[in-house]
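Student: What follows is each chain in one-letter form.
Protein chains: 4
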Amino acid sequence: MKIGFIGLGIMGSAMATNLVKAGYDLTVWNRSGNACRPLAEIGATVAATPRAAAETCDIVISMMADPAAVKAVRDGVDGIISGMSAGKGFIDMSTVDAETSLNSARMTQEKGARYLEAPVAGSRKPAEDAALIIMTAGDRHLYDEALPILGKMGKKILYLGDTGSAARMKLANNLVMAGMLTALCEGLALTAKSGLDVAQLLEVVDSGAMSNPMFRLKGPLITADGEIPAAFPLKHMQKDLRLALRLAEEVGQPLFAAATVNELFKSALAADLGNSDFAAVSRIVHRD
Amino acid sequence: MKIGFIGLGIMGSAMATNLVKAGYDLTVWNRSGNACRPLAEIGATVAATPRAAAETCDIVISMMADPAAVKAVRDGVDGIISGMSAGKGFIDMSTVDAETSLNSARMTQEKGARYLEAPVAGSRKPAEDAALIIMTAGDRHLYDEALPILGKMGKKILYLGDTGSAARMKLANNLVMAGMLTALCEGLALTAKSGLDVAQLLEVVDSGAMSNPMFRLKGPLITADGEIPAAFPLKHMQKDLRLALRLAEEVGQPLFAAATVNELFKSALAADLGNSDFAAVSRIVHRD
Amino acid sequence: MKIGFIGLGIMGSAMATNLVKAGYDLTVWNRSGNACRPLAEIGATVAATPRAAAETCDIVISMMADPAAVKAVRDGVDGIISGMSAGKGFIDMSTVDAETSLNSARMTQEKGARYLEAPVAGSRKPAEDAALIIMTAGDRHLYDEALPILGKMGKKILYLGDTGSAARMKLANNLVMAGMLTALCEGLALTAKSGLDVAQLLEVVDSGAMSNPMFRLKGPLITADGEIPAAFPLKHMQKDLRLALRLAEEVGQPLFAAATVNELFKSALAADLGNSDFAAVSRIVHRD
Amino acid sequence: MKIGFIGLGIMGSAMATNLVKAGYDLTVWNRSGNACRPLAEIGATVAATPRAAAETCDIVISMMADPAAVKAVRDGVDGIISGMSAGKGFIDMSTVDAETSLNSARMTQEKGARYLEAPVAGSRKPAEDAALIIMTAGDRHLYDEALPILGKMGKKILYLGDTGSAARMKLANNLVMAGMLTALCEGLALTAKSGLDVAQLLEVVDSGAMSNPMFRLKGPLITADGEIPAAFPLKHMQKDLRLALRLAEEVGQPLFAAATVNELFKSALAADLGNSDFAAVSRIVHRD
Chain W
1 MKIGFIGLGI
11 MGSAMATNLV
21 KAGYDLTVWN
31 RSGNACRPLA
41 EIGATVAATP
51 RAAAETCDIV
61 ISMMADPAAV
71 KAVRDGVDGI
81 ISGMSAGKGF
91 IDMSTVDAET
101 SLNSARMTQE
111 KGARYLEAPV
121 AGSRKPAEDA
131 ALIIMTAGDR
141 HLYDEALPIL
151 GKMGKKILYL
161 GDTGSAARMK
171 LANNLVMAGM
181 LTALCEGLAL
191 TAKSGLDVAQ
201 LLEVVDSGAM
211 SNPMFRLKGP
221 LITADGEIPA
231 AFPLKHMQKD
241 LRLALRLAEE
251 VGQPLFAAAT
261 VNELFKSALA
271 ADLGNSDFAA
281 VSRIVHRD
Chain U
1 MKIGFIGLGI
11 MGSAMATNLV
21 KAGYDLTVWN
31 RSGNACRPLA
41 EIGATVAATP
51 RAAAETCDIV
61 ISMMADPAAV
71 KAVRDGVDGI
81 ISGMSAGKGF
91 IDMSTVDAET
101 SLNSARMTQE
111 KGARYLEAPV
121 AGSRKPAEDA
131 ALIIMTAGDR
141 HLYDEALPIL
151 GKMGKKILYL
161 GDTGSAARMK
171 LANNLVMAGM
181 LTALCEGLAL
191 TAKSGLDVAQ
201 LLEVVDSGAM
211 SNPMFRLKGP
221 LITADGEIPA
231 AFPLKHMQKD
241 LRLALRLAEE
251 VGQPLFAAAT
261 VNELFKSALA
271 ADLGNSDFAA
281 VSRIVHRD
Chain F
1 MKIGFIGLGI
11 MGSAMATNLV
21 KAGYDLTVWN
31 RSGNACRPLA
41 EIGATVAATP
51 RAAAETCDIV
61 ISMMADPAAV
71 KAVRDGVDGI
81 ISGMSAGKGF
91 IDMSTVDAET
101 SLNSARMTQE
111 KGARYLEAPV
121 AGSRKPAEDA
131 ALIIMTAGDR
141 HLYDEALPIL
151 GKMGKKILYL
161 GDTGSAARMK
171 LANNLVMAGM
181 LTALCEGLAL
191 TAKSGLDVAQ
201 LLEVVDSGAM
211 SNPMFRLKGP
221 LITADGEIPA
231 AFPLKHMQKD
241 LRLALRLAEE
251 VGQPLFAAAT
261 VNELFKSALA
271 ADLGNSDFAA
281 VSRIVHRD
Chain R
1 MKIGFIGLGI
11 MGSAMATNLV
21 KAGYDLTVWN
31 RSGNACRPLA
41 EIGATVAATP
51 RAAAETCDIV
61 ISMMADPAAV
71 KAVRDGVDGI
81 ISGMSAGKGF
91 IDMSTVDAET
101 SLNSARMTQE
111 KGARYLEAPV
121 AGSRKPAEDA
131 ALIIMTAGDR
141 HLYDEALPIL
151 GKMGKKILYL
161 GDTGSAARMK
171 LANNLVMAGM
181 LTALCEGLAL
191 TAKSGLDVAQ
201 LLEVVDSGAM
211 SNPMFRLKGP
221 LITADGEIPA
231 AFPLKHMQKD
241 LRLALRLAEE
251 VGQPLFAAAT
261 VNELFKSALA
271 ADLGNSDFAA
281 VSRIVHRD
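Residue numbers (my numbering), protein chains in the order written: chain W, 1 to 288; chain U, 1 to 288; chain F, 1 to 288; chain R, 1 to 288.
A couple of the hints might just be wrong.
Claimed, not checked - Below are the DSS-like pairs computed for lysine-lysine, each with C-alpha atoms no more than 30 Å apart in a straight line:
{"hint": "1", "chain 1": "W", "residue 1": "Lys193", "chain 2": "U", "residue 2": "Lys156"}
{"hint": "2", "chain 1": "W", "residue 1": "Lys71", "chain 2": "F", "residue 2": "Lys71"}
{"hint": "3", "chain 1": "R", "residue 1": "Lys193", "chain 2": "F", "residue 2": "Lys235"}
Bear in mind the hints are in silico, worked out from the structure with no lab data behind them.
Work out the full structure, taking the sequences as your base and the hints as a guide.
Tutor: In structure tokens form, the structure reads like this:
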């Protein structure tokens with residue numbers, strides 16, 4: 001089976017590398033050609049366009065930064081859809097809203113092909129370690145067929161049902177993440193303003209039932225001075241909060257805490273922290 | 001060394017039992033005598049009053065439900081303070097506000113004795129397993145002396161400085177806990193209202209960097225129907241949020257998210273959920 | 001000058017009636033023909049379609065419930081745009097988002113005609129009394145030309161600049177309204193729960209610098225039992241809050257209080273209060 | 001009837017002056033003697049201590065800045081209570097919490113005298129114009145007796161019942177005020193960030209049902225640059241919000257919007273705006 005891989009950013013490069021290492025016949029494409037070189041060196045073919053990759057492969061995977069970037073490689077005469085035909089499969093692993101994903105599904109199906117949305121939880125390190133959590137939704141047969149492939153990129157793969165379900169689940173997941181992180185930031189700010197040792201709060205929290213890798217990773221970055229390098233940029237988290245709150249409005253679910261957390265993230269954006277890690281919301285919590 | 005132990009509720013019984021098993025010469029007292037029997041059966045002496053326990057022991061430990069209960073065993077002619085004298089030590093492991101603890105310290109010192117506040121994180125199971133996290137503050141010499149004793153009840157013991165520091169640290173810890181739990185509740189409510197599978201959200205969250213024992217424990221209770229039996233009663237968590245917000249006002253720290261979380265807990269109290277577990281705030285989040 | 005008037009709901013009927021009484025040659029259209037009768041009886045002509053009204057009039061005014069209703073009378077073969085041509089004017093007095101209004105402007109201009117957005121503040125009574133506040137934006141010449149007409153419907157007419165400005169100003173206005181009303185509801189709920197007389201709070205508030213007609217009108221409805229008949233339906237206010245918060249996200253403005261107020265309105269929607277007056281948010285504030 | 005007047009700040013001076021002008025035999029006292037001079041010049045007697053004023057007058061009125069200032073003139077050997085005896089009356093017009101007022105009542109009654117709490121709504125101008133709103137609670141006979149006196153200082157006098165009721169009503173009143181003002185600030189911030197004219201929002205709001213003197217007064221101060229001189233200091237408003245939220249916790253009333261507004265006021269305090277007018281919360285709303 002031939003696999004196309006479109007989008008070789010931090011995440012995509014690591015994921016594509018794991019597929020080549022697993023022995024798959026991979027054809028890659030990236031907007032900037034430079035990113036293709038390391039993949040070519042370990043045996044991947046480089047396609048001229050996303051369409052070319054789709055035409056020559058059985059399954060095309062895309063891993064783009066946002067909905068606009070997905071549209072850029074999906075649509076148009078050189079886009080993935082132009083290269084789709086009956087029997088092929090398109091798996092979008094980018095984090096996009098349900099509407100973008102539903103459009104991808106419709107366009108793919110109009111070509112007689114199959115579509116699977118497959119956003120991931122996890123950042124650079126889990127991508128390199130093939131330890132991503134992959135949430136999938138859409139064509140069940142394509143899921144079954146792609147499972148071994150996905151298994152080379154993630155440690156946990158869930159099938160959630162109709163197209164859009166994985167996009168929505170990802171929003172719920174990130175809403176929990178933003179809320180948890182903000183809770184830690186507020187606890188740390190209170191500790192610091194009370195003249196207590198923030199490192200001790202981290203230790204106490206980590207010693208009990210709340211202990212989790214995210215706090216262990218972000219806690220010391222929050223309590224240290226200086227910028228927090230972006231593992232997951234704050235502006236992306238704010239976008240996910242916005243989308244989660246819109247979904248909540250659609251389904252009639254009040255979310256008092258998340259709405260407040262969103263305003264904190266908006267304050268961070270307004271303070272030019274959008275390109276820092278989402279943990280930089282701590283700078284807003286602690287500003288006052 | 002003789003140790004007195006005042007307050008044999010769920011927590012206190014387990015902690016006192018661990019001390020007896022460790023070979024300490026223990027004298028116990030409880031408002032209702034029934035709770036003393038199991039301790040007596042394994043070798044503890046039963047005192048007639050808290051004062052009697054204090055008079056005959058080197059160190060008295062108390063483990064009460066709230067500040068009012070601490071005052072009830074501390075003050076008055078039969079209280080712990082009446083039995084204190086130079087060289088003795090009083091360790092209050094109850095969760096109380098800094099003011100109550102500062103009063104305990106002052107009263108103890110007026111008797112020439114030493115005081116240590118030592119609130120714990122952890123509920124029934126960690127108490128039974130001697131796996132509590134114990135935050136201490138106050139007399140450093142008493143801390144050094146009591147460390148082996150505390151080590152029989154907890155797996156992690158921190159010394160945080162002046163009296164009041166441990167009480168405040170505990171508030172910060174619980175503020176993080178309430179925020180984390182509320183974030184999970186909102187994520188689950190959004191998932192459910194969106195027609196997705198809440199168990200799958202729990203699985204996704206548990207597969208990544210947010211994975212923590214509290215979510216594993218509380219998640220299934222939240223998503224199941226019915227009352228959530230109190231490991232940590234909601235009314236106590238709301239009290240801690242209230243005290244944390246008062247501390248924040250004193251030290252000039254805005255806490256937008258925690259203030260909103262507190263209103264959700266107040267709503268839960270108003271809906272008669274005060275005696276349920278604090279995870280029952282999910283019933284309010286999901287009500288609408 | 002011949003004027004077309006499309007949309008004869010509660011507001012539109014009153015406004016059209018004022019135009020006829022002022023001596024204008026009016027042609028009306030409404031989806032349900034019944035609403036045309038009272039206007040016909042006082043001298044208005046009834047058009048067969050919105051397009052017909054546009055074809056035979058110099059200026060067409062529309063007053064619809066929401067963006068979808070505007071599109072229904074604007075677009076398509078029988079729509080207002082189909083009847084537009086050079087020299088004519090289209091004034092949409094409905095409350096719509098800036099995007100809908102910008103589309104109306106573009107479509108109108110493509111026909112060589114001129115467009116003015118003119119949403120109003122005020123409900124049934126001010127409409128009947130020609131006492132509306134009319135916020136306009138778009139074609140300045142059309143504004144100058146239409147000023148005498150608008151003056152028969154409103155007591156205050158403002159020109160705010162480019163198309164979209166009036167739509168956005170209306171959102172800011174309604175955001176203030178929702179926040180004010182919620183503040184009153186919370187004050188009343190606190191008063192009631194404290195065992196004080198809510199009528200006395202209304203009296204105190206009305207005696208000082210906060211005194212305003214909205215509180216005088218809504219206060220007694222809030223403190224009385226029973227449903228609050230919709231002068232301005234709650235679901236419309238929630239929609240305006242949603243649009244205001246989206247605008248705030250676009251322009252980078254955190255709005256902590258409005259975001260919380262929006263969740264209260266969402267809670268009211270979830271409790272089936274969408275068709276009650278927006279003052280029914282008091283039922284949610286006071287529920288707990 | 002002889003009246004004592006303790007506390008000649010901005011408010012007290014204006015109120016005492018009105019009493020002298022109305023022909024009352026007034027004895028005044030103020031911590032700093034300077035403030036007594038203008039009153040002496042128009043005929044008031046100056047007492048050596050609050051106690052002296054109480055001993056020589058039938059009714060003593062106090063008008064202090066906060067609970068601590070009330071205690072300073074009430075307690076101790078030179079305090080008002082020391083001068084109280086059967087038949088006399090003590091009217092505290094300061095804004096204090098219910099607890100302070102209940103203590104004043106108890107202490108007064110122990111001397112056989114009568115107590116009335118009488119906090120006011122209104123700032124300097126209404127004080128000068130004898131146009132205050134006076135909320136009273138406590139001894140009904142003292143109220144009846146004092147009504148003519150109060151009528152020389154206020155335009156509206158309400159009797160609300162048992163001691164504490166007026167203190168609580170004042171908190172509810174100020175909670176509404178803070179919420180209203182914050183709603184205006186958020187609307188203005190959204191307007192400004194959207195590139196619209198803030199003066200036009202003020203005009204629109206003032207043209208309709210929301211029109212109120214507070215917005216007319218504060219609106220232009222908010223939209224102008226520079227500090228906002230304190231008619232009602234922000235730190236006092238934050239204190240009132242804090243007390244209102246505590247009352248809400250006692251009576252079991254969630255107040256989501258007020259809790260968020262309180263955090264905005266806390267942010268303003270943290271940004272050193274405590275001595276500015278409470279409208280300076282706008283600087284925080286608009287900061288981001």
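Student: It remains to establish, for every hint, whether it holds in the given structure.
Tutor: Results of checking the hints against the structure:
1. W/Lys193 <-> U/Lys156: Cα-Cα ~24 Å, so holds.
2. W/Lys71 <-> F/Lys71: 28 Å, holds
3. R/Lys193 <-> F/Lys235: The given pair, whose Cα atoms are some 26 Å apart, holds under the 30 Å limit.
When held up to the earlier numbered hints, the structure conflicts with none and fits them all.
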